[in-house]
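Protein sequences, first through last, are from chains G and U.
Everything in the first sequence is counted per the numbering used here, starting at 1 for the first residue and increasing by one.
Everything in the second sequence is counted per the numbering used here, starting at 1001 for the first residue and increasing by one.
Careful, some of the hints might be misleading.
Said to hold, decoys possible - Label pairs and their in silico Cβ distance ranges: (1) U:1197 to G:332: 39 to 49 Å; (2) G:98 to U:1203: 48 to 58 Å; (3) U:1284 to G:32: 34 to 44 Å; (4) U:1159 to G:125: 50 to 60 Å; (5) U:1098 to G:86: 45 to 55 Å; (6) U:1190 to G:97: 38 to 48 Å.
Derived from the structure by calculation, the hints contain no laboratory data.
Using N, Cα and C, we set each Cβ at its ideal position, and we do this for glycine too.
Residue strings, one per chain:
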Amino acid sequence: MKFLPREKFQNLLNVLRREGYHCIGPQVKNGAIVYDTINKVTELPIGIHDKQAPGQYRLENTDDSRYFAWANGPQAIKPLTFTPRESLWRVKRNREGEIRFLETLPEEQAIAVIGVRSCDMVAMLLQDQHFCYQKYPDVYYSSRRRGLFLIAVDCSHPADTCFCHSTGDGPSVNVGFDMALTELDEGFLVRVRSVNGRALLTDLPLKEVTKEQRTLAKRQHQIAIEAQKRRLPSLYKEASLAELEHPRWEEIAQRCLSCSNCTSVCPTCFCHSEGETPSLDGRTSEHYREWDSCFTVGHSYMHNFVPRDSTMLRYRQWLVHKLCIWHKQYGRSGCVGCGRCITWCPVGIDITEEATIICGEKNHAQS
Amino acid sequence: MPSHSFIQVAPNAYLPKEAEVIEFVKETKQIFTLHLRLTVPIEHATYTYDPGQFNMLYLYGVGEVAISIVSDPEHEDLLTHTINPVGRVTKGLAQLQVGQHLGIRGPFGRGWPMREAEGKDVIIISGGLGKAPIISVIHYMLRRRERFGHVTIVRKVKNVEEFIWPRLYEPWKKLPDTTILVASTQGAPDWPWEVSPKLKILEKVKIRSERTIVMMCGPEGMMCSATEYLVKLGIPERAIYMSLERNMQCAIGHCGHCQFGDKFICKDGPVYSYPEIKDLLGRRGF
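With the sequences and hints as input, model every part of the structure.
In structure tokens form, the structure reads like this:
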């Protein structure tokens, strides 16, 4: 581990750009923190704090000199690899009616992402499993994923809706990164995990880490854990499907708008639908995929049978899949504790509360 | 995560191949069969599949649809799909003519357990319009008749219109060591088969040995009832196989629509042994 002084932070961006990376980092846009192209560290959300609660998200300006004193906004890093809409292929038709299929693979691009939080890091590893390490590797996802250089940041200011500690996915980052930072008042502790990450170190004005800095980092980590009041019950680890008839499902369905905000902000949701845009001249057509949600009627639609024809069944599918079925499919829960589905639910449905009630587990701490 | 670990060279399973309509057969007023040929000869010559697998058929400018393959994998005319036009894509496919072109991806999924069925008595049960995935297995067995024991084919329909391919059944009746049982809930004046409710026709099935395997396809309610009945008669649960259907878009386990509990029906199925899916079969919402 090394130390990068705060006033030298721009050097990291400079080195990345010199190495040919397109840099992406968090910044304030339309009242929320989102990821976008970044060239200067001054574009980062300096001094910004956030207030999150079920159905609520507000940013505040403070005189804090920190860059990362906030919890995740609505957007995970998921769109960088699993894009909201992408072309899969185009088809050309000639006058004889013969058709030819043309692959539209994304251009490979070296992208450095600064500020990835642990929950999103783990979520990307889960999506890697889904898209890359199954019987049919997804060439679109893989080619986007290959170009990523991930610079993670340990979470020091979890939101009220965060519960990553209870899912084992944070607040500090442990897996998946090329480089990870711990932000302290005077600068950053830097650690690397990949060959590419190590290669960058030599070009940075790094110092040795002092004992005091280590202590501060540990304390900060502990405070971030203690700040998290929500937790996910452990019962779901048994992948139990025993609670399908619990009366709470109907009660949730009375509140749930089936709007699919939760699946849009979820960093692990992978469902997508395919569609077609034919050109007006009848010569070409584009076949694309775009994010879909299990909260839509169309998700389970078949010509003779719609298995999930009510909000109750759709909410139940989402939660049971995320928290139980993922264990069977990918060896762990599909929830990384980012809390986005709580913050961005327009009616403030809290996944931790619902899961706790349905599991019947006691001592659920409400904030 | 070392980023070079992401697979660099993989076939793109999303990309269809071009095929041509060789023959268009009208089976009933609605139902039709497409005989197709991949336009690149080497691709057609090397194309193979297992009975019970399916293809994604693509209609230019409209989209894709999952259709089971009804032909015989070892026959020259090996890309045959029988389709009931009920949706956007299938209604368009119904307008195709000989010589026109479409796209094909496949084959996908896990088919019927043909190797396991060898040397055993086979009971095949189909209901409603769940006929196409099972017709390939019937043809497959009848062409390799010596590999299987007694074959019982049970077909249950609600009304006589659902009984497609009546002309196939007459010759089957004459085959040795083969029992054909057909019933409709509602009869018709010239209906030559039985008229009986629900799955009453199953009472006529004779289980001749412990070495029996069952394959079925149709509405899930029917398959649940049939399974319950057969298990009572002593057929082990693991010897009962069924083909399931869900919304399928990618066919390769990515898009999430066909999930049935932890199963991706497009990739792990559509054929399952009963113990694999009994927890959720017939449960509302799955």
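### Query
Looking at the structure, which of the earlier hints fail to hold?
5
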